[in-house]
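Construct the entire structure; sequences and hints are all you get.
There are 2 protein chains.
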Amino acid sequence: MKKIVSLPAEDGYRMPGEFEPHRGCVMIWPVRPGSWPYGGKEAQKSFLEIAEAISESEKVWMLCDHEHAAKLRGILRDKPEIYVLEIPTDDAWARDVGPTCVRNRQGNVRGISWEFNAWGGTFDGLYAHWEKDDRAAKAICRELEMDCYDAHPFVLEGGSIHSDGEGTVLVTEACLLSPGRNPQMTKEEIENHLKQYLGAEKIIWLPRGIYQDETNEHVDNVCAFVRPGEVVLAWTDNREDPQWELSMASLKVLETERDARGRAFQIHRLPIPEKPVCITEQELLGFQFEEGEDRREAGERLAASYVNFYISNGGVIVPQFGDVNDKKALKILENLFPERKIYPIWARPIIVGGGNIHCITQQIPQGKDIDI
Amino acid sequence: MKKIVSLPAEDGYRMPGEFEPHRGCVMIWPVRPGSWPYGGKEAQKSFLEIAEAISESEKVWMLCDHEHAAKLRGILRDKPEIYVLEIPTDDAWARDVGPTCVRNRQGNVRGISWEFNAWGGTFDGLYAHWEKDDRAAKAICRELEMDCYDAHPFVLEGGSIHSDGEGTVLVTEACLLSPGRNPQMTKEEIENHLKQYLGAEKIIWLPRGIYQDETNEHVDNVCAFVRPGEVVLAWTDNREDPQWELSMASLKVLETERDARGRAFQIHRLPIPEKPVCITEQELLGFQFEEGEDRREAGERLAASYVNFYISNGGVIVPQFGDVNDKKALKILENLFPERKIYPIWARPIIVGGGNIHCITQQIPQGKDIDI
Chain A
1 MKKIVSLPAE DGYRMPGEFE PHRGCVMIWP VRPGSWPYGG KEAQKSFLEI
51 AEAISESEKV WMLCDHEHAA KLRGILRDKP EIYVLEIPTD DAWARDVGPT
101 CVRNRQGNVR GISWEFNAWG GTFDGLYAHW EKDDRAAKAI CRELEMDCYD
151 AHPFVLEGGS IHSDGEGTVL VTEACLLSPG RNPQMTKEEI ENHLKQYLGA
201 EKIIWLPRGI YQDETNEHVD NVCAFVRPGE VVLAWTDNRE DPQWELSMAS
251 LKVLETERDA RGRAFQIHRL PIPEKPVCIT EQELLGFQFE EGEDRREAGE
301 RLAASYVNFY ISNGGVIVPQ FGDVNDKKAL KILENLFPER KIYPIWARPI
351 IVGGGNIHCI TQQIPQGKDI DI
Chain B
1 MKKIVSLPAE DGYRMPGEFE PHRGCVMIWP VRPGSWPYGG KEAQKSFLEI
51 AEAISESEKV WMLCDHEHAA KLRGILRDKP EIYVLEIPTD DAWARDVGPT
101 CVRNRQGNVR GISWEFNAWG GTFDGLYAHW EKDDRAAKAI CRELEMDCYD
151 AHPFVLEGGS IHSDGEGTVL VTEACLLSPG RNPQMTKEEI ENHLKQYLGA
201 EKIIWLPRGI YQDETNEHVD NVCAFVRPGE VVLAWTDNRE DPQWELSMAS
251 LKVLETERDA RGRAFQIHRL PIPEKPVCIT EQELLGFQFE EGEDRREAGE
301 RLAASYVNFY ISNGGVIVPQ FGDVNDKKAL KILENLFPER KIYPIWARPI
351 IVGGGNIHCI TQQIPQGKDI DI
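Protein chains in written order, with the numbering used here: chain A, 1 to 372; chain B, 1 to 372.
Just so you know, these hints were derived from the structure itself, not from any lab. Any given hint could be a false lead.
For identical chains, the list gives no copy identity; a pair is met inside one copy or between any two copies.
The calculated BS3-like cross-link candidates involving lysine-lysine, where the alpha carbons are at most 27 Å apart (straight line), are [unchecked claim]:
#, residue 1, residue 2
1, 195, 41
2, 187, 202
3, 331, 79
4, 132, 252
5, 3, 328
6, 275, 327
7, 328, 79
Below, the structure is given as structure tokens:
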């Protein structure tokens, strides 16, 4: 692993779409008491189901600290496609702390290590210590033998960007312009930075994400590429729902914008759960918060969205909330991904921790001659 | 009224503290159906009580559109200290749409007309049309015969700044760095702009304001000057309350910062209501929302804070919520303002609209030879 001083775009690298072939997927075993109530039992069950679904078509690397590694190896002993990597982290959000990977025309893959500050640092970050998370991307690159661009001190999370692999990147203003990220930069400077790192020619700025999303409204919870020129957008027809206005604002942008290749977007509306998913008193009692860690209130609405799926080589792993719209979402995605198997996953234990399936996974693109 | 092309600081003007002598106070008669439920009856009662309290020691100008002017004149017929000004607005937030006034050493007073975009424009603004609000500051300056600086296209609201009159201005990062205000500017550029317009030498950036404050957390709801070097800070000792972390972050800044004159701050903690003030189903039914207007949800917590008081020449007008901390807040303010009369006002009808007493008032500083 060598340290690189140039920028990905000038080196001919760009970020592939998630729907392009993967070498594998990085996940992190969930143990943080302030994110996963009651010792993380329920969350671990869901994480395991997701890892198994993904491992049907690609490798999975499950990060874990030294303390939990032996037990995890035991749990995974009959699952050879799920590898344990002993890398310590502060929580389990592989999407946000893992490397964002870029690839050149020759099929070389490199990672990017953004500065991570727990979604807002001292301004509105969700926990007070994020040193291990901040080092995770580089550690993963080392383990997977990828060179790594160091983007520090530029603050970004993997969940705040989506690439179509053809020069277009989706982001939200709510997140990327949040005071807790890069307040010393103007919107234009941030856009130029993204272009240079992701090899993009066009940045599409959606205004907002999902109501109450504590990542400052990551794009990966509200809008995702199905393939170049085609997106799903989290949606509600209920004008009384606070999400209506947020989704409508994004729809307007998507309807008027063109992508880097000049195409208009084909937009598929994916309903949010009809009944808001809220945290219960019972769940609340299972958390153990640290000093400086964000807390929840009973009844608080969670940012549940079916857009937070993961596209594996052979499947789409989709969150389910026990809502009447669960099946509708599956049906829509089934039609949009006819060549992939749809895996419905009971995701309440993950959304209770503040994110969903896409947030806890990070694809490593397929390189030209790397083992798969 | 002449248009001025120079900047206040270079002309020798600066923003006085609210505790300095006033020529009077601007308010706006509340009639908007999406802010004031059930025809605004309750809100109008509270506004009237506030205007009466203020008029005991200074003039009050009550803005009103042509449609409601005759009725309002009737209501005010035996209150000669409250003048009706026929200026149309989109709602009733005089603090945010009225002029921010600056004064020079000779006692000349000028207004500033910021760009107003309903607290976030198309990004997260609270209503879709704000043209009348945006023109209000200039119209008020014309009526009150003050020259006016035009700060457009710099977006700012009066509630997002507090001055000590001696070169120090308090703001919040949450508001001033919000993507809906001036995303084309860096934090440093915004700071320099404030210094030039307000004649300030030091900008104190508190990170956050009051939890759930839909103005993106205006400073005037969380922290206010009692006099130079001395502030009140909205506070809770309850670590389970989401406000705890926000207030703690501001406390840390205030404890380490110095003001423009090099003084450490004397910080007085003013409790927030002990029991969260939430909107009821009953209140919700009384609203009539327009297309593109922000809606509320039943049970939603409102940003109730006693810091949102108004300092008049002879008094302090303080919001009351029917909470056990109502009296505690009055007691603290009584001690801090021994020379002023304390006016407790039933403020639930105002917080239901999204703001409080400070938000609906805007002082016009006393000039050298202006009628009072």
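Hints and how they fare:
1. 195 <-> 41: This pair counts as neither: shortest intra-copy Cα distance 41 Å, inter-copy 54 Å.
2. 187 <-> 202: For residue 187 and residue 202, the Cα distance is within 27 Å both inside one copy (14 Å) and across copies (25 Å).
3. 331 <-> 79: Classified as neither; 30 Å inside a copy, 66 Å across copies.
4. 132 <-> 252: between (39 Å within a copy, 25 Å between copies)
5. 3 <-> 328: Answer is neither; intra-copy 46 Å and inter-copy 59 Å both fail.
6. 275 <-> 327: So residue 275 and residue 327 pass the 27 Å test inside one copy only (14 Å; across, 40 Å).
7. 328 <-> 79: Cα proximity of residue 328 and residue 79: none, with 32 Å in one copy and 62 Å across.
Violated hints, in rising order: 1, 3, 5, 7; the structure is consistent with all others.
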